[in-house]
Each structure stands twice: as C-alpha cells, then as structure tokens.
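Listed below, chain by chain, are the residues.
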Amino acid sequence: MLPPFFGVLFDGLAYGMLLFVLSVGLSVTLGLMNFVNLAHCAFAMLGGYVTVTLVNEFHWPFLATLPAAFVAAALASVVLERFFYRRLYRASDLDQVLLTIGFAFISVAVAAYIFGTLQQPIQAPEFLRGSSTFLGLAFGNYRMFLIGVAIVVTVLLIAGLEYTRFGAQVRAAVDNQRMARGLGIDVDRTFAATFALGSGLAGLGGALAIEIVGLDPSFSFTYLVYVLIIVSVGGLGSIAGSFAAACLIGVSDIAGKYYAPELGAFLIYLVMVVVLMWKPAGLFGKR
Amino acid sequence: MTAIALETRGLSRNFGSLAVSRDINLSLPVGARYALIGPNGAGKTTLINLMTGLLQPNAGQILLGGEDITQLEPQARVKRGLARTFQINTLFAGLNPLEAVTLAVCERRGIADRFWQNIAVNKDAIEEAYEILAKLKLGDVCYQTTRELPYGRQRLLEIALALATKPKVLLLDEPAAGVPQEESGDIFEVVAGLSNELTLLFIEHDMHVVFRFATHIIVLVGGAVFTEGSPAQISADPGVREVYLGKRHHG
Amino acid sequence: MSQMSAPTNPQAYLQSLSRWRPIEIVFWLATLLPFFLFPDYLSLASQIAIAALFALSLDLILGYAGVVSLGHAAFFGIGAYSAGIFSKLVWGEPLTGLVVAAILAGLVGYASSFIVSRFRHLTLIMITLGLGLLLHEAANRAHWLTGGSDGLQGVSIWPVLGLFKFDLYGYTAYGYALAALFICFLAVRRITNSPFGLALRGIRENWVRMPAIGAASRAHIRKAYTIAAVIAGIAGAVLAQTTETVSLESISFQRSADVLVMLVLGGAGRLYGGLVGSVIFMIARDQFSGIAPQYWYFWIGILLVMVVMFLPNGIVGGLSKITARWRRK
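Taken in order, these protein sequences are the chains called A, B and C. Note that numbering that gives the first Met the number 0 numbers the first sequence so that position 43 is 42, with each residue one more than the last. Note that numbering that gives the first Met the number 0 numbers the second sequence so that position 14 is 13, with each residue one more than the last. Note that numbering that gives the first Met the number 0 numbers the third sequence so that position 295 is 294, with each residue one more than the last.
No lab work stands behind these hints: they were computed from the structure. Treat the hints with care, since some could be wrong.
If you only want the chain C side, here are some residues facing chain B, beta carbon under 7 Å, derived [unchecked claim]:
(1) A137
(2) A141
(3) N205
Below, a list of computed lysine to any residue pairs in the SDA-like style, where the Cα atoms sit at most 20 Å apart [what the hints assert, rightly or not]:
(4) K278/A - N33/A
(5) K134/B - N8/C
(6) K278/A - T7/C
(7) K278/A - F118/C
(8) K165/B - Q55/B
(9) K136/B - I290/C
(10) K320/C - L16/C
(11) K122/B - Q14/C
(12) K78/B - E66/B
Negatives, chain B to chain C, calculated, CB over 12 Å [claimed, not checked]:
(13) N13
(14) R21
(15) L62
(16) N88
If you're wondering where the values come from, they're calculated on a predicted model, not measured in any experiment. Every residue, glycine too, gets a C-beta built ideally from N, C-alpha and C.
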C-alpha cells in the first residue's frame, strides 16, 4: 500500500501548504496585537474573486493575477484597519469577534450579490495541469507549484523577519510590545503594515485555493475554521508553528478523508482540541 | 522573641539568564510595619508576586505563620491570610465598592457559590463589607460605580478589597502610586490606622513616607537584599545613600 | 444605577437591586399578547420564545461571567436530540422528556466545563468552537441515531399534562415555550441577584483580581457553564417537542453565531438583553428572509458592526442610558 500512502502524504502536504499561505498572516497579526480577526478569510475570498474576474473577464494569464490578488486584499485590509480595527485594539475579545464576524457576514452577502452562489470555474494554465512522474510516482503539477509557492513565501517571510529593519521591529513588537514602544518603535504602524502583508498573503492563498477547493461565497467561513485551527495549534505569532500546524492539519485532513471517510472533519477538530488541551498556547506558542 | 508572620528562605527567581530575585531571606514579625525600598528594577514587585504565588520561585521557600505555602495556588494563600494590593489599580471597574467588597467577604466566608439565594439575605456579610468601606472613608461613595470614582478613592478601594479577606499579612505594592504627594499622606494615615495584629509590608518610593510609617526597612538592590534595619540605621548607612538615596535624589 | 433612590442602608440597597420594576411586569404581560392579537403568528412567537431562552442561557456565561463561547449550540442540539430520541425510544410525555434533555445537556456541560474553565482569550474561543464542531460532526455521522442531515423523523409528543395537545395553530406550542422561558428566566434572575451572580460579574470585570480576593474562579465558571448548558438543553428540547422534528441545524455553528448576535444586539449581561435581541432578530429575519434570504446576513453583518462601534451595551444598554439621562434632568 505504499503508493497511496505517498500520494496521501503528498496531497496532504500540498493542501497544508495552501492552508499555511492562508493562515500565516493571521498568526502574525494575532501574535502582534492579540487582535482576533475572524474576517481574515474574507480577504482570502476577495483575492480569489479578483483572480477569477481577471482570468475569466479580462483574460489575464493566471500567474499575473496572483500579485493582483495580493495587492487587492492588502489594500482592502488597510482601509478596514484604518477605519475600524484600529479603534478596537484594546477592546475585549468579544467586541473584536463581533466586529470581524460582522465583516465576514457582509463579505458573504456581497460576494453572493455580485458573483452568485455557484462555484466559480477557473482554468489553470497548461503547464500547471496534469501530473509528472518521478521514480514511478505521479505528482500533480499544480500541487507541486503550491508547495513551491509556499516555500518561497516561507523563505521570504523568515528572511524578511530576520534580516530587515522592518522585520526586527515586528519581532520586537511581538516579543514585548511595551518594550518596543519604549524603544521608539511605532507599534501601531508596524502593525498596520504587518496586517496588510498578512491579508495580502491571505488574498494570494484565496487565489491559489480555487483550483484545489473551489470558490463560492461560503469560503469566508469554511476556511476560517481551518485557519483558526492552524493558528491556535501552531501558536500565535510563530511562522514555524503555523508551518508545522498547517502540515499536520493538511495531512490529517487528507488522510482522514482517504482512510476513514466516515469520520469526515472529525479528525482535524479532534487534533485541535487535543493539541490545545495539551499545550494551550499551541505547539510553538510562547504565551 | 515575637512570632514570625511571614518568612522567605533562599527565595530565587530567574527570567532566562536574568536573576530578578537572588537568595532572599526575610522574616516579618507579627504586627510589624516593614517598608521595602530600592531603585527601579530592584525586583520589589517581583518579590511580592513570588510571595503571593503569581510567580513560582526557581528555588527557596515561603512560610506563612510557619507553614510552607510555596506550592499553593494564589487563592489558597489568600485563604490562609496573605493578601496584597496592586501597584496599578486592579479593581472591578463595573461593580460599585459595596458590591466588590461584599464579593470579597462572601468569598472568604465560602458563600459565594450560593446561586439560589438573594444576596441581600446575607446581612452579616453586607454589614461587614460596609464597615470596611466606612473605615477606609469610602462609605459615602459605596454605591458609585468603581470606574467613576476619583483616583485616590480607587487606591483606598484596593486596600479595602485586600482587608475583606481578613489577612494576617498584607503586602501593599505602592499603595499611593499615582496619587498627588499631598494626598499620599492620607492613604498612609489609613494604613497606619490598621489593626496592630496585622503584619504589613509596603513598597514605597517617597522616603518621607517610609521613614514616617515604617518600623523596619529592607533595601533591595539588583534582586538581592542589600541591607535591612531600623529607619535610623538605614538613613545613617552610607552604602544605602550611595546606591539608592544619593543617586536617585529621593527624600 | 439607581442613584435617585440611594438608600442609606447597604442591605436595603442590594435588596432594591433585585426588586421587580413595573417595566418588567409590562414586558411579561406583553408576552401574552400574541395569543389575542397575532394568533396567526403563534409558531413564530414560540420560535422567538425558544431563541430567547437560548440567548438567556448564553447570557449567563458570556454576559455575566465574560466567557466567550462560539459553540453554545452544542448544548441546544444535545437537548433537542435527547428530547426527540427520548420520545421515540421511551414515550412521548413532554415534561419527562424535557427533564431528561436538561440532565443530559447538563452532564455534557459539566464534563466540558473542566476544559473550558482552564482557558481564556483565543484558546477559549477555539476550544468552544472546536467542541461545537466536533458534536455537529458527530450528530451528522451518527445517522442511525439522529437521522444525520435528513433530520430526526418520527418524533411524536403527547399532550402537555395530558390536557393540551400540540395543535396546528401553535397555541400549545407558544404556551409551552413561554412557560419554559418564564420559569428559566425566574431561575436566572435569582442567580444574577445571588452571591454567585456577583462572583460571576467579578470574573467578568477582572479575571486577574479574583484569585487575589481568594476566589475559586474556575469552580465558579464550571458551575455557571453547567447551568447554562442545562438551560440551553431545555431550549433545544422545547424546539424538538414543539416542532416534532430535529434538524442538524439545531447543533450548527450557525445557531451558535445567531444566538451570539441576538444577545449582543439586545445587550449582554443585562438579563433582558437576550430577550429583546431575540424578538428583534427573529422578527427581522422573518420579514427580510422572505424578500431575499441570501442577503439576510448582509444586514446582520452591518448590524454587528454598528452595535460594536456605536452601541457597546446593546439596545437595552442604550435605552437604560437614555432613560437615566432623562431622569437626571
């Protein structure tokens, strides 16, 4: 039974990489400001619809739409951050949950109004279709592409955080906000920039997700659950944690669907509850 | 020799490689009025957090009335008679002082889990709470929401909440922090008027206040006890002047 | 709150906080109006009463103790399925079914309270969400027991007390739901005026200070969570019995989110907040979703944003502020 095992592992990892791109932004912003943003996947959905529109209506090449999806989601998040989120950084969890769940609801209705409730069709470019064979095993091209994108994103993020001035400010602010303010770091602006970056990554994830999981207005909520699971299992503010958790959840989900379809989504919820009971701050969490 | 109310033996605590408390040995006799002084970052609040159980020590013991309480949860220490106040107001902003102190009294009496009876039935508890408030000159504002109270009154409510637990030892973390200097004396008058059986340890920066109200002073520097003694000894100690008084121009 | 009648005696003051006010009596008398004025809308009225009961139970943990839950429908669903399955396996007598549902929901609530009371903030939200989703998935998969996505069929309930048959117009249904709501309301009202209720408000106001006054916060939260689960179970059971069916929706995330919206719309931590919120929510949904069901959540979203930005204490909180200002003049 080796080939199915590897196939499941590969598909699970590819799926995990997709979830990683979707969730890493939320992890960093949560770690930075403790802001519970349940509208995170609404930005992802926006990215998805930007890609769909550009490909189907304006006949852009698929790859060219990906930066557009990133920019659109980042811009939308800057507007919301400036006018709404910023006023609630010190508010209770409940207020943050309510406000952002409100935006998620609105995004669902607006998407349904503009695009209808059906799944959006999208045609991936020729070279990403089909699969390639190595060592007698077939690997889906699109899934390999996904893994490649995720690795590039991870390397850029880690390098950016480690070696740039901005990255140092973000790390300082995540570590100890009061100290960072004392050192003259403009934590609010750092946060706004990180928030835009994280939402942009979500937009990119939304665009990449269409080929794998489809796109309809319920995306805001369906994938919110996955993203929240990854963030809390991985630990707030930890890129490595999100990466590990995304792999764990991606593989568990695909393996569960393949080997024990009667369990359905049971497995990932169980993984989350067990991990959180064992380590309330997540696998890589400090707090 | 008088009985010891609170004692620490070799108490140490590190944050990573930073030692914030180093081998602290203290003993507070029953009824004492101890002041804990030292420059910023000397580990004064950390010491109180260790004593009350908000932090666990890396080494050492804490004894309350001779009983080892090092492993106990914070609320269990409170039940045994060790109470504290906070440097930054840590109050129940949406409750009024009467409700807040009644709550503390109910918790102490073990009746706070009674969900079937009206609170007004517990006449004794309410009267006890009101007495504490009246003693701290909060009787006239006890129906006002806490967040609307003037700052100085909120500092007194900090003490009232701690007193409602009927402590044997009370740790006051800068009870007059943030209060204008001319009013801080009022707060310490109240503190000085507390029962003689109550053992007090307070952190304070204002040396006038310290020398006026303390019977004994502990100087903490860099997480360790630098010296301790009577106010006269401390004020005459050239070392203290150098590390603390001289440098910081207090008093 | 009642500066105008500040009594000199603290005990009398606390007593006065729990006194019935005229507006409350008017409110409860008004709940009888649907019998006479809107007999065509009795089934909607009983839906409202059930939603209000569910919101009341969430208020106890969220509004009073400050424990945010995104999975409260778990207990509603357990109550609904328990009552439905009980009627099929044992008998259709409604009151015993109600008691069994309450006990089962309470047991699950008690068990999960040991997990819930250990956490705060995001972890708490995720744990409640995760447990809720787990139970939803379990109900979905246990097709042999719950009917899965087809819903539980074949529930048949005997007349209440052997006298009142569940009729087509919903007279009995509304009367039954209203009675359950009123009795549970009396219980919750007493709890909020008790020493325990004060302790819950203490936890909400300052979680950090509670241990410093010697309080066993976790034990309090466990108890409150269990009571809330019992009441949510009763609400679910009433829904199952009055509609004689149980759908998967009764244990879904959607229902957890809806009840949260109702509660904060009306005003959390104010006893009547959940009741007022559910009346407005349910009537609005009845009207709006008739026009365009898929856009209903657009208005809910707008409403949530407005409430958080402009009406932090909900409708009841806003009204009491206005009346307080008006009285002072």
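Verification of the supplied hints:
1. With 7 Å as the threshold, the beta carbon of A137/C stays out of range of chain B, its nearest partner Cβ sitting at about 31 Å, so the hint is violated.
2. Interface restraint check: A141/C against chain B, minimum CB-CB distance 34 Å, threshold 7 Å, status violated.
3. At its closest, the beta carbon of N205/C sits 5 Å from a beta carbon of chain B; the interface hint therefore holds under the 7 Å criterion.
4. Note on K278/A and N33/A: the hinted pairing holds, with a Cα-Cα distance of about 18 Å set against a maximum of 20 Å.
5. For the suggested pair K134/B and N8/C, the alpha carbons sit about 16 Å apart, so the restraint of at most 20 Å is met.
6. Distance check on the hinted pair: K278/A and T7/C sit about 51 Å apart at the alpha-carbon level, beyond 20 Å; violated.
7. With a C-alpha separation of about 11 Å, the suggested pair K278/A and F118/C falls inside the 20 Å cut-off, and the hint holds.
8. For the suggested pair K165/B and Q55/B, the alpha carbons sit about 24 Å apart, so the restraint of at most 20 Å is broken.
9. Annotation: proposed proximity of K136/B to I290/C is violated, straight-line Cα distance about 61 Å (limit 20 Å).
10. The suggested pairing of K320/C with L16/C holds, with an alpha-carbon distance near 17 Å, which does not exceed 20 Å.
11. Pair hint K122/B plus Q14/C holds up; C-alpha atoms about 10 Å apart against a cutoff of 20 Å.
12. Taking the CA atoms of K78/B and E66/B, the gap is about 13 Å. The hint holds against a cut of 20 Å.
13. Distance to chain C confirms N13/B as a non-interface residue, since its nearest Cβ pair spans about 23 Å, more than 12 Å.
14. Separation of R21/B from chain C is adequate, the least Cβ-Cβ distance of about 26 Å exceeding the 12 Å criterion.
15. At roughly 19 Å from the closest C-beta of chain C, the C-beta of L62/B stays outside 12 Å, upholding its exclusion from the interface.
16. Distance to chain C contradicts N88/B as a non-interface residue, since its nearest Cβ pair spans about 10 Å, not more than 12 Å.
Checked against the numbered hints given earlier, this structure breaks hints 1, 2, 6, 8, 9, 16; the rest are met.
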